[in-house]
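Asker: Chain residues, written in single-letter form:
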Amino acid sequence: MEGWLRADGRKGIRNTVVVAYLVECAHFVASEIVAAFRGRDVQLIGFPGCFPNEYAARMMERLCTHPNVGAVLFVSLGCESFDKVRASAAVEGSGRPVKTLVIQKAGGTRATVKAGQDWVEGALDSIGNVPRVPMEVSDLVIGTVCGGSDGTSGISGNPAAGRAFDLLVAEGAACIFEETGELIGCEEIMAERAITPELGRILRESVQKAERYYATLGYGSFAAGNAAGGLSTIEEKSLGAYVKSGGSPISGLIKPGDVPPRGGLYLMDVVPDGDVRFGFPNISDNAEIVEMIASGAHLTLFVTGRGSVVGSAISPVIKICANPDTFRALAEDMDVNAGDIIEGRRTIDQVGREIRDFVVAVADGQQTASEGLGHREFILTYKSFDPIGPACLPRTA
Amino acid sequence: MTAPETGPFLLLHPDDNVLVARATAPEGTEVTLASGTVRLTQSIPMAHKIARSAISAGDTIRKYGMPIGIATADIAPGAHVHVHNIRSGYTPSVVLQDADGRAG
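Just so you know, the sequences run in chain order A and B.
Each residue of the first sequence is one higher than the last, beginning at -13 in the numbering used here.
Each residue of the second sequence is one higher than the last, beginning at 902 in the numbering used here.
Quick caveat, the hints were computed from the structure, so don't treat them as lab data.
Among the hints, erroneous ones may be present.
Computed list of chain A residues with no C-beta within reach of chain B, every gap over 12 angstroms [as the list claims (entries may be wrong)]:
{"no.": "1", "residue": "79"}
{"no.": "2", "residue": "124"}
{"no.": "3", "residue": "157"}
{"no.": "4", "residue": "183"}
{"no.": "5", "residue": "340"}
{"no.": "6", "residue": "353"}
{"no.": "7", "residue": "376"}
{"no.": "8", "residue": "379"}
According to the in silico footprint, chain B covers these stretches of chain A (three or more CB under 8 angstroms from chain B) [to be verified]:
{"no.": "9", "region": "4 to 11"}
{"no.": "10", "region": "135 to 148"}
{"no.": "11", "region": "327 to 335"}
Quantities reported herein were computed from a predicted structural model and do not represent experimental measurements.
We put the CB at the ideal spot given by N, CA and C, even for glycine.
Could you build all of it, start to finish, from the sequences and the hints given here?
Answerer: Structure follows, in structure tokens:
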């Protein structure tokens, strides 16, 4: 594998120009800039809100200094609350080309679009000089999520993703799993895998926080439909999602934007701290994927049963289809057919190995199904978190 | 581990005492277990579980190698394992409205 070497020592598997709008009022102008570069690696991200939010500011900084990103153009209306000076300084400090266009000062829609397109053209030239260096599996950060789950997810796709995680962690990669709201009933099992008792306590508390949060929102119980689908207990339901994490020891707990300090398996706590303020922790699958990317994920494993088609801006998404019927129906959108496990053609181990090998191929430049189709979904909304404490990332094993 | 085995049933982890149906297994399907071949006495829908070996009341049920509940009755090899013969070890108060343990 070869990657693009960044000033902070991290290596990217893509070299993307990101155009980021800093309020919904600048969204259209930013998207017009990107539209001129169809088929080239120029991608749109953004934050819609006019009111300030520390989480969004931090996420934007992390995303714009992600190793897969080569250069950043910020598009501001001018009067929104987003701190564009801070964001720009963070990108500049990372050694990347950066520019901020303010629509109110640039002369309106057409002038800003033109200035933006000219800048992006120059940035594409300039990032062609970023050095390419050898890359190992131990340089990779990999996330996993599941969405559009069905009865097959927990018995084919998720166990196969877990097997791939075991292989990747053994090779030194940092692997991240999340969805604490779907781990209710797994706290004790999960806490036993923590590398220190203190971390075990923190993992347990993160799930208890999720349970309280979802209870406030009126969600989070075991539904009758779950039993019809063959699930007998809440812990069995949760384990179907938890099994994506594989069997490695858990090295730490991170929150969105925290980059794993070394290889190992990490739980991402995605449920906001404090009172319930901004609604659901993550309003859709791409909100989860974006948080993985903000924590440095070079790519994300996405297990689906009913069949999602999404990709993502910045980092490729590998779609693992748990259901063989869905795989046949949406073949062009899928990368890995874990439905073979359901049909008895391949084992969980074999599919896990295929996922691991495909991760390496994608890291080395092969396009995923969603990349080939042009998918670049992105969403960032309001949340709030307290910083993690030192016990979340213990140094001793 | 986990070679394709036992017909329509999947062993998710070597420590498990249940097998999971990867497709609906009709009543009468023969399943080969360590204790011998058994014939299903009822249809088992996809993703439902059967006992891989004899389970006694009070035993921990293991799937993915992890505990998913506790047996509330003795369960014979090949019998359906569900809400009628296991309970959560986590939230005993869980309500399962339409879950009578019958297949179909």
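Asker: Against each hint, give a clear statement of whether it holds in the structure.
Answerer: Results of checking the hints against the structure:
1. 79: Per Cβ check, residue 79(A) is outside 12 angstroms of chain B; nearest 44 angstroms; holds.
2. 124: holds, 26 angstroms
3. 157: Correct as stated: the minimum Cβ-Cβ distance to chain B is 20 angstroms, above 12 angstroms.
4. 183: Consistent with the label, residue 183(A) stays out of reach of chain B, its closest Cβ about 20 angstroms off (over 12 angstroms).
5. 340: Residue 340(A) is indeed farther than 12 angstroms from all Cβ atoms of chain B, at 15 angstroms.
6. 353: holds, 31 angstroms
7. 376: Non-interface label on residue 376(A) holds, nearest chain B Cβ at 29 angstroms vs cutoff 12 angstroms.
8. 379: holds, 25 angstroms
9. 4 to 11: violated (count 0)
10. 135 to 148: The restraint on the region 135 to 148 of chain A holds, since 6 of its residues have a Cβ under 8 angstroms from chain B and three suffice.
11. 327 to 335: n = 9 at 8 angstroms, threshold three: holds.
The structure fails to meet hint 9 from the earlier list, while all remaining hints are met.
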